[in-house]
Amino acid sequence: MAKNTTNRHYSLRKLKTGTASVAVALTVVGAGLVAGQTVRADHSDLVAEKQRLEDLGQKFERLKQRSELYLQQYYDNKSNGYKGDWYVQQLKMLNRDLEQAYNELSGEAHKDALGKLGIDNADLKAKITELEKSVEEKNDVLSQIKKELEEAEKDIQFGREVHAADLLRHKQEIAEKENVISKLNGELQPLKQKVDETDRNLQQEKQKVLSLEQQLAVTKENAKKDFELAALGHQLADKEYNAKIAELESKLADAKKDFELAALGHQHAHNEYQAKLAEKDGQIKQLEEQKQILDASRKGTARDLEAVRQAKKATEAELNNLKAELAKVTEQKQILDASRKGTARDLEAVRKAKAQVEAALKQLEEQNKISEASRKGLRRDLDASREAKKQVEKDLANLTAELDKVKEEKQISDASRQGLRRDLDASREAKKQVEKALEEANSKLAALEKLNKELEESKKLTEKEKAELQAKLEAEAKALKEQLAKQAEELAKLRAGKASDSQTPDAKPGNKAVPGKGQAPQAGTKPNQNKAPMKETKRQLPSTGEAANPFFTAAALTVMATAGVAAVVKRKEEN
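So the sequence shown is numbered by this note's numbering: it starts at 1 and just counts up by one.
Bear in mind the hints are in silico, worked out from the structure with no lab data behind them. Since the model is a prediction, treat every value here as computed from it, not as a measurement. Heads up, the beta-carbon is just placed ideally off N, CA and C, and yes, glycines get one too. Please note: incorrect hints may appear among the correct ones.
[Stated by the list, open to error] With a straight-line cut-off of 30 Å between C-alpha atoms, the simulated BS3-like cross-links for lysine-lysine are:
{"no.": "1", "residue 1": "Lys313", "residue 2": "Lys206"}
{"no.": "2", "residue 1": "Lys92", "residue 2": "Lys328"}
{"no.": "3", "residue 1": "Lys291", "residue 2": "Lys171"}
{"no.": "4", "residue 1": "Lys323", "residue 2": "Lys341"}
{"no.": "5", "residue 1": "Lys312", "residue 2": "Lys147"}
{"no.": "6", "residue 1": "Lys92", "residue 2": "Lys59"}
{"no.": "7", "residue 1": "Lys154", "residue 2": "Lys64"}
{"no.": "8", "residue 1": "Lys323", "residue 2": "Lys64"}
{"no.": "9", "residue 1": "Lys486", "residue 2": "Lys390"}
{"no.": "10", "residue 1": "Lys285", "residue 2": "Lys341"}
{"no.": "11", "residue 1": "Lys291", "residue 2": "Lys146"}
{"no.": "12", "residue 1": "Lys154", "residue 2": "Lys312"}
{"no.": "13", "residue 1": "Lys147", "residue 2": "Lys313"}
{"no.": "14", "residue 1": "Lys285", "residue 2": "Lys50"}
{"no.": "15", "residue 1": "Lys328", "residue 2": "Lys183"}
{"no.": "16", "residue 1": "Lys478", "residue 2": "Lys50"}
{"no.": "17", "residue 1": "Lys478", "residue 2": "Lys493"}
{"no.": "18", "residue 1": "Lys194", "residue 2": "Lys177"}
{"no.": "19", "residue 1": "Lys192", "residue 2": "Lys206"}
{"no.": "20", "residue 1": "Lys50", "residue 2": "Lys390"}
{"no.": "21", "residue 1": "Lys177", "residue 2": "Lys154"}
{"no.": "22", "residue 1": "Lys177", "residue 2": "Lys285"}
{"no.": "23", "residue 1": "Lys312", "residue 2": "Lys328"}
[Stated by the list, open to error] Restraint ranges, calculated between C-beta atoms of paired labels, are given here:
{"no.": "24", "residue 1": "Ala246", "residue 2": "Leu210", "range": "20 to 26 Å"}
{"no.": "25", "residue 1": "Glu318", "residue 2": "Ala175", "range": "39 to 45 Å"}
{"no.": "26", "residue 1": "Glu178", "residue 2": "Ile156", "range": "29 to 35 Å"}
{"no.": "27", "residue 1": "Leu322", "residue 2": "Asp425", "range": "47 to 53 Å"}
{"no.": "28", "residue 1": "Glu61", "residue 2": "Leu131", "range": "35 to 41 Å"}
Produce the complete structure using the sequences and hints provided.
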């Protein structure tokens, strides 16, 4: 009989221990079920928001292509004198489409999303400040280039004046040299005429000498004949004949002297002419050399002037490029100013929505009063969630800034879509795990109901059995807490590894995935929280230092386990 009683008590203790374990598991699975419902509710919003963002990204990409096409056509036809009225109208239509797309981006659905997460435009302001500094630097560079251009224009003007003065001086020198050449040619012409006249006189004298020589020869021949014929009979005529010969010889000597004097004068005139001609040739050669030097100088000056013109053209082209870049930076600044105004409006809407959410949270806190330990744990979790919410607000501000630039950064949109797709897969995996856990919970619930029925049939426990059961339950709760702490550490390691695997070198901050997504204990995490990085220090609970999660934290699970144990003990005491 005593042995049967002992066995019965042992069976009851074993049954009570199993019942307490099942109660704790049921509490945890119930929390997981609620988290799964949150995931399913947020999943539909995520899909709709994802689709809307993809459509807006495609729309901004089309608008970007249109704007680039219009600008390219305008610059291509500008050089042909084509009027830009049509392009102005097209750009106005493009501006209207951009405003409409921006209004869609800042619409009610976007404001609801911002109302859930908040916004912080610190990064945008920093970028605007950086762009303003860049604009100031560009203005300084432009001013410096303008100064250099003015100096270059002054140098070009000075070069033109110097070149004009040199050219005028060279022309004057050439004119003077040509006048000297003309004068020398004028002086040389009479000398040539005089030389020609002297040559003619010399020829005439030569003809006279030849004529006299011929006459002398004839006379000698005649005289010889006469002498031979009348030598004997004409003794008286000998004197006359000798006188005539002497006269002829005298004339011949005079003619020879005249010829020699003429030849000497001709030689002197010829030498003087050759000397003057050589002098003139030297002067002409010197003038030609000076002319060549002047031509070379003029060509060098022309080359320098052409180089200065090319430098001016290059400077003007660089100035035009800088002006275009300045206009582009000014346009970007205007776009950023407009975006900043829109962000301020969105921030005001977010603050109102946040106030409504906080009011709703206060009402829920008043309506849902639970035990003192659970309320404290939930309050700590709520504070941690608010800290995480602030971090998410900052991250969402970065996301909004990235959305404003989606027309220029298509790769960011692609990376964001890939991140959303990974989050969707992780959410589906979490949903499957929750459904699996729900099935296990249902089976355990059936077993718990069976155990409760058996427990109702049992008798009251002794004080010793209560103490043993209490110690057993506390030991199991402690073991469960240690197991959960280990799981939290493993989960943190998995998060860090997954974050390092999913991060790419050119990924933007708004496209980093939330560490640990797709894990079963994190089913309550919203998939769209991977839009921006969250620092681990701001995602930890202040009470235990665990990762912030609305339901699956070591502190929350400990509270749940303690509440389950207390409920079982209280029920056993009542029975």
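Here's how the hints hold up against the structure:
1. With a C-alpha separation of about 77 Å, the suggested pairing of Lys313 with Lys206 is violated against the 30 Å cut-off.
2. Simply put, Lys92 and Lys328 have alpha-carbon atoms about 17 Å apart, close enough for the 30 Å limit, and the pair holds.
3. This hinted pair checks out: Lys291 and Lys171 have alpha carbons roughly 10 Å apart, not beyond 30 Å.
4. A threshold of 30 Å between alpha carbons decides the hint, and for Lys323 with Lys341 the separation of about 27 Å falls inside it, so the pair holds.
5. Pair hint Lys312 plus Lys147 holds up; C-alpha atoms about 13 Å apart against a cutoff of 30 Å.
6. Between Lys92 and Lys59, the direct Cα distance comes to roughly 17 Å. Compliance with the 30 Å bound is thereby established for this hinted pair.
7. With a C-alpha separation of about 43 Å, the suggested pair Lys154 and Lys64 falls outside the 30 Å cut-off, and the hint is violated.
8. Our distance criterion of 30 Å between C-alpha atoms is met by Lys323 and Lys64, whose separation comes to about 22 Å.
9. A distance of roughly 28 Å separates the Cα atoms of Lys486 and Lys390; the hinted pair therefore holds under the 30 Å criterion.
10. Only pairs whose Cα atoms come within 30 Å are accepted, and Lys285 paired with Lys341 is rejected, the gap being roughly 83 Å.
11. Taking the CA atoms of Lys291 and Lys146, the gap is about 41 Å. The hint is violated against a cut of 30 Å.
12. A threshold of 30 Å between alpha carbons decides the hint, and for Lys154 with Lys312 the separation of about 11 Å falls inside it, so the pair holds.
13. Of the pairs offered as hints, the one joining Lys147 and Lys313 holds, with about 16 Å between alpha carbons and a cut-off of 30 Å not exceeded.
14. Note on Lys285 and Lys50: the hinted pairing is violated, with a Cα-Cα distance of about 91 Å set against a maximum of 30 Å.
15. As the CA atoms of Lys328 and Lys183 are separated by approximately 69 Å, the hinted pair breaks the 30 Å bound.
16. The straight-line distance between the Cα atoms of Lys478 and Lys50 is roughly 43 Å, outside the 30 Å bound, and the hint therefore fails.
17. About 23 Å separates the Cα atoms of Lys478 and Lys493, which keeps this hinted pair within 30 Å; it holds.
18. As the CA atoms of Lys194 and Lys177 are separated by approximately 26 Å, the hinted pair is consistent with the 30 Å bound.
19. Restraint check for Lys192 and Lys206: satisfied, since their Cα atoms lie roughly 21 Å apart, inside the 30 Å limit.
20. Between Lys50 and Lys390 the alpha-carbon distance is near 22 Å, which keeps this suggested pair within the 30 Å criterion.
21. Pair hint Lys177 plus Lys154 does not hold up; C-alpha atoms about 34 Å apart against a cutoff of 30 Å.
22. In summary, the hint linking Lys177 to Lys285 is supported, as the alpha carbons are separated by about 11 Å, within the 30 Å threshold.
23. Taking the CA atoms of Lys312 and Lys328, the gap is near 24 Å; set against the 30 Å cutoff, the hint holds.
24. Restraint check, Ala246 to Leu210: a C-beta distance of roughly 21 Å satisfies the suggested window 20 to 26 Å.
25. For the pair Glu318 and Ala175, the beta carbons lie near 43 Å from each other, so the given range of 39 to 45 Å is met.
26. One distance hint, 29 to 35 Å for the beta-carbon pair Glu178 and Ile156, holds here, with the actual separation near 32 Å.
27. In this structure, Leu322 and Asp425 meet the distance hint of 47 to 53 Å, their C-beta atoms being roughly 49 Å apart.
28. In this structure the hint that Glu61 and Leu131 lie 35 to 41 Å apart at CB is violated, the actual value being about 23 Å.
Hint compliance for this structure: hints 1, 7, 10, 11, 14, 15, 16, 21, 28 are broken, all remaining hints hold.
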